[in-house]
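Trainee: Make the full structure from the sequences, and use the hints.
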Amino acid sequence: MTEFFLTMAILAGLNVLLASGFNMILGYGGLVSVAQPVFYAIGAYTSALLSMKLGVPLPLAMLAGAALAAIASFGVSLPSLRVSGDYLVIASMGFQLGIVHVINNIELTGAASGLSGILSAVEGPGRSWIYAAIVWTICAVVILGIRWLVTGPYGRAITAMRNDEEAFASLGRDAMRIKVTLFAVGSGIAGLAGALYGHYFLFLTPDQFGIFSSATLLTMVVVGGAATVRGPVLGAILLTVLPEAIRFLQLPVSIMAPLQGVLFSALVILFIFLKPEGLFGGTAVGGLEAWQGRGTARSKAGGRV
Amino acid sequence: MTRKSDFGISRRGILAAPLVLAMPNVVGRAFAQTEPLRFGVADPLTGPSAIFGLDQMQAVRWAVEDINAAGGIHGRKLEAIIVDHQAKPDVGIAVVTRLIQVDKVPAFITAFSNVVKAVAPIANREKTLMLSVGANSPDIKNLGEYVYTTFPLADVDMKALPAYLYKTQNKRRAAVLYVNHETGIEGAKVFTEYFKKAGGEVVLNESYEEQRSDFTGLVLKVRAANPDVVHIHSVVSDFTAIVAQMRQLGLTVQVTSFQTAFNPKMIQELGKGAEGIIVTAMAPSAEDNKNVPGYLERWKKAHNREPVGLPYTQYFHDAPYVMAALFKRVLDQKLPVTGENMRKALLEIKSFDLPLTNTITFNADHTVDAPTYFWQVKDGRFQVIGKL
Numbered sequence: 001m002t003e004f005f006l007t008m009a010i011l012a013g014l015n016v017l018l019a020s021g022f023n024m025i026l027g028y029g030g031l032v033s034v035a036q037p038v039f040y041a042i043g044a045y046t047s048a049l050l051s052m053k054l055g056v057p058l059p060l061a062m063l064a065g066a067a068l069a070a071i072a073s074f075g076v077s078l079p080s081l082r083v084s085g086d087y088l089v090i091a092s093m094g095f096q097l098g099i100v101h102v103i104n105n106i107e108l109t110g111a112a113s114g115l116s117g118i119l120s121a122v123e124g125p126g127r128s129w130i131y132a133a134i135v136w137t138i139c140a141v142v143i144l145g146i147r148w149l150v151t152g153p154y155g156r157a158i159t160a161m162r163n164d165e166e167a168f169a170s171l172g173r174d175a176m177r178i179k180v181t182l183f184a185v186g187s188g189i190a191g192l193a194g195a196l197y198g199h200y201f202l203f204l205t206p207d208q209f210g211i212f213s214s215a216t217l218l219t220m221v222v223v224g225g226a227a228t229v230r231g232p233v234l235g236a237i238l239l240t241v242l243p244e245a246i247r248f249l250q251l252p253v254s255i256m257a258p259l260q261g262v263l264f265s266a267l268v269i270l271f272i273f274l275k276p277e278g279l280f281g282g283t284a285v286g287g288l289e290a291w292q293g294r295g296t297a298r299s300k301a302g303g304r305v
Numbered sequence: 001m002t003r004k005s006d007f008g009i010s011r012r013g014i015l016a017a018p019l020v021l022a023m024p025n026v027v028g029r030a031f032a033q034t035e036p037l038r039f040g041v042a043d044p045l046t047g048p049s050a051i052f053g054l055d056q057m058q059a060v061r062w063a064v065e066d067i068n069a070a071g072g073i074h075g076r077k078l079e080a081i082i083v084d085h086q087a088k089p090d091v092g093i094a095v096v097t098r099l100i101q102v103d104k105v106p107a108f109i110t111a112f113s114n115v116v117k118a119v120a121p122i123a124n125r126e127k128t129l130m131l132s133v134g135a136n137s138p139d140i141k142n143l144g145e146y147v148y149t150t151f152p153l154a155d156v157d158m159k160a161l162p163a164y165l166y167k168t169q170n171k172r173r174a175a176v177l178y179v180n181h182e183t184g185i186e187g188a189k190v191f192t193e194y195f196k197k198a199g200g201e202v203v204l205n206e207s208y209e210e211q212r213s214d215f216t217g218l219v220l221k222v223r224a225a226n227p228d229v230v231h232i233h234s235v236v237s238d239f240t241a242i243v244a245q246m247r248q249l250g251l252t253v254q255v256t257s258f259q260t261a262f263n264p265k266m267i268q269e270l271g272k273g274a275e276g277i278i279v280t281a282m283a284p285s286a287e288d289n290k291n292v293p294g295y296l297e298r299w300k301k302a303h304n305r306e307p308v309g310l311p312y313t314q315y316f317h318d319a320p321y322v323m324a325a326l327f328k329r330v331l332d333q334k335l336p337v338t339g340e341n342m343r344k345a346l347l348e349i350k351s352f353d354l355p356l357t358n359t360i361t362f363n364a365d366h367t368v369d370a371p372t373y374f375w376q377v378k379d380g381r382f383q384v385i386g387k388l
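If you read the protein sequences in the order shown, they are chains Y and B.
Throughout the first sequence, residue numbering follows the working numbering, covering 1 to 305 in sequence.
Throughout the second sequence, residue numbering follows the working numbering, covering 1 to 388 in sequence.
Hint data in this document are derived by calculation from the structure and do not stem from the laboratory.
Keep in mind the model is a prediction, meaning the values are calculated, not measured.
Idealized CB from N, CA, C, for every residue including glycine.
One thing to keep in mind: the hints can contain errors.
[Stated by the list, open to error] Beta-carbon label-pair distances, calculated as ranges: (1) Y:P258 x B:E210: 56 to 64 angstroms; (2) Y:E123 x B:K300: 46 to 54 angstroms; (3) Y:R177 x B:E340: 55 to 63 angstroms; (4) B:K197 x Y:E107: 21 to 29 angstroms; (5) B:E340 x Y:M1: 16 to 24 angstroms; (6) B:T359 x Y:V141: 52 to 60 angstroms; (7) Y:M1 x B:E287: 45 to 53 angstroms; (8) B:Q248 x Y:F5: 48 to 56 angstroms; (9) B:T216 x Y:T2: 51 to 59 angstroms.
Mentor: This is how it looks when you write it as structure tokens:
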């Protein structure tokens with residue numbers, strides 16, 4: 001039983017990283033992307049392959065996975081952040097599908113058969129305890145890092161950029177640079193989560209990184225509270241634990257499977273319409289306005305410069 | 001009146017204490033000797049692959065009922081804890097972790113190559129015996145010391161089919177279409193290699209992405225290549241869609257596939273277009289196994305139809321019998337029921353006489369061998385046409 005809870009704790013920790021990274025892009029940046037799972041995949045495959053094929057030590061391989069995911073994010077951000085909203089969604093979707101297609105078709109990644117034989121980061125009887133501790137220590141560092149980033153002067157610049165890009169640019173600030181940075185940070189965190197996933201679960205397949213995983217991440221961010229540090233953390237924990245708790249109810253499969261399927265989509269719809277600030281978001285709505293179809297803060301007030 | 005000690009505890013109480021303390025141990029042991037012997041089953045019960053999973057679970061339930069009706073194992077009931085993995089690796093990891101960590105099963109059965117590969121590291125790490133009962137990727141033999149397959153892998157029937165097509169059906173030019181998926185890639189690879197080895201020519205080798213619905217381009221390529229047989233290594237719904245579109249475009253060429261296409265619903269949907277399709281099956285037919293007619297009758301009585309993927313359900317039906325034999329061996333040897341001892345029992349017994357799949361013998365490489373049966377759709381139903 002302890003092992004089961006530890007595995008859940010590890011999964012929750014990885015989801016905290018993923019949701020927090022996604023929150024950088026969606027919540028703080030107001031950038032609607034659906035490509036987050038592919039950065040998770042890039043981190044996972046890079047770290048696994050570097051350690052398996054080139055013998056790179058695992059901590060270095062994991063950092064390389066995170067770095068490559070951050071660099072790969074330029075593939076979406078540089079060409080497409082000049083546009084935003086629907087165009088960015090389409091560009092990110094294309095990027096996501098394209099990279100998964102590549103992973104699905106090249107020998108190096110094991111193609112559709114998946115990649116097995118990945119090196120385990122920790123061995124021995126205390127494996128799960130140690131790994132849970134590692135994952136949650138990394139979570140703490142990442143969360144504190146995000147908090148430091150968004151509460152300082154840079155955080156105020158991010159908020160200003162998100163609320164009114166034109167006014168922000170008129171002050172001589174470069175909105176594009178902030179967007180690209182947010183995208184890289186969010187994607188790098190996803191890459192790190194992917195690397196951590198691979199060296200614990202030891203098998204990767206392109207099926208795991210489909211575009212529908214974005215919906216789960218979106219739910220975590222929306223339910224927890226976008227544009228807050230604690231919101232995605234608590235949303236990720238809640239939505240990792242909830243489906244498992246439903247399994248313990250021992251409901252008939254014909255009820256349980258649709259219930260789990262409906263859970264995520266129903267929560268997103270309910271929260272976006274009824275409580276857009278999320279459970280833990282206070283009054284902050286952040287980039288969710290983009291999802292709600294509202295304009296920026298200034299255009300809502302009716303004024304244009 | 002009972003005299004109390006300085007601590008307010010009576011002497012009788014002190015005397016009774018060891019008995020009370022021993023009770024859970026005694027009760028626990030007695031309970032352990034009567035509690036069911038549990039094993040896990042992870043299969044898709046929802047999602048697109050549930051069409052197979054649900055019938056496979058029916059077969060497992062019947063087998064467990066029959067074993068228990070015959071007295072169980074040393075008077076103890078066998079119990080299958082069935083969980084849904086939706087044929088998704090990530091869900092498989094979650095439910096198998098639960099089976100091992102929460103339900104504490106010493107062994108479990110599962111199927112679907114992508115899930116089998118994803119959960120194999122867990123089985124090896126946790127020293128829990130895992131029997132793959134319906135996954136056929138040849139990679140499965142290399143997944144570790146706790147992973148065995150009771151089901152012959154694709155390199156058995158996909159070696160046999162090309163030889164049969166070349167020698168018996170006089171096919172010389174094959175087109176191979178396969179889904180870009182674990183099962184499709186591996187199956188198509190073996191078929192292609194062995195069709196060439198048999199002396200034939202592979203005139204087209206094309207993959208397609210899963211969940212695609214329009215195959216017009218693919219079918220036109222087939223027509224241009226002018227093969228005399230088209231082998232389709234696909235998942236459930238694709239096969240029917242591809243053959244339907246081939247027939248609509250006037251292509252009446254011979255089609256072959258593997259056990260996934262062994263599906264009465266496919267014949268219903270394709271109607272006359274299904275006539276002549278040849279599929280492989282690794283489980284014995286009624287001619288080679290006396291229990292198969294009764295099993296089919298049971299389906300007819302309970303569900304008024306044949307099972308979807310009959311050969312798969314035969315292997316699933318027999319997996320609880322393998323489990324029962326392993327539990328019995330472990331109990332006979334008075335060993336604790338652990339994954340390590342279940343694996344030890346499997347290696348000792350090695351050969352199992354089973355109701356619907358005859359005798360299976362585990363090879364040193366964790367696989368089993370079986371003859372390949374060839375079935376053809378004739379007059380709206382599958383009929384055996386050969387065996388190799």
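Trainee: Now, for every hint given, state plainly whether the structure supports it.
Mentor: To see whether the hints hold, each was checked on the structure:
1. Y:P258 x B:E210: 56 to 64 angstroms: violated, 22 angstroms
2. Y:E123 x B:K300: 46 to 54 angstroms: holds, 52 angstroms
3. Y:R177 x B:E340: 55 to 63 angstroms: holds, 58 angstroms
4. B:K197 x Y:E107: 21 to 29 angstroms: Roughly 22 angstroms apart at Cβ, these two residues keep to the hinted range, so it holds.
5. B:E340 x Y:M1: 16 to 24 angstroms: holds, 20 angstroms
6. B:T359 x Y:V141: 52 to 60 angstroms: Because 58 angstroms falls inside the window, the suggested range holds.
7. Y:M1 x B:E287: 45 to 53 angstroms: holds, 49 angstroms
8. B:Q248 x Y:F5: 48 to 56 angstroms: holds, 54 angstroms
9. B:T216 x Y:T2: 51 to 59 angstroms: holds, 55 angstroms
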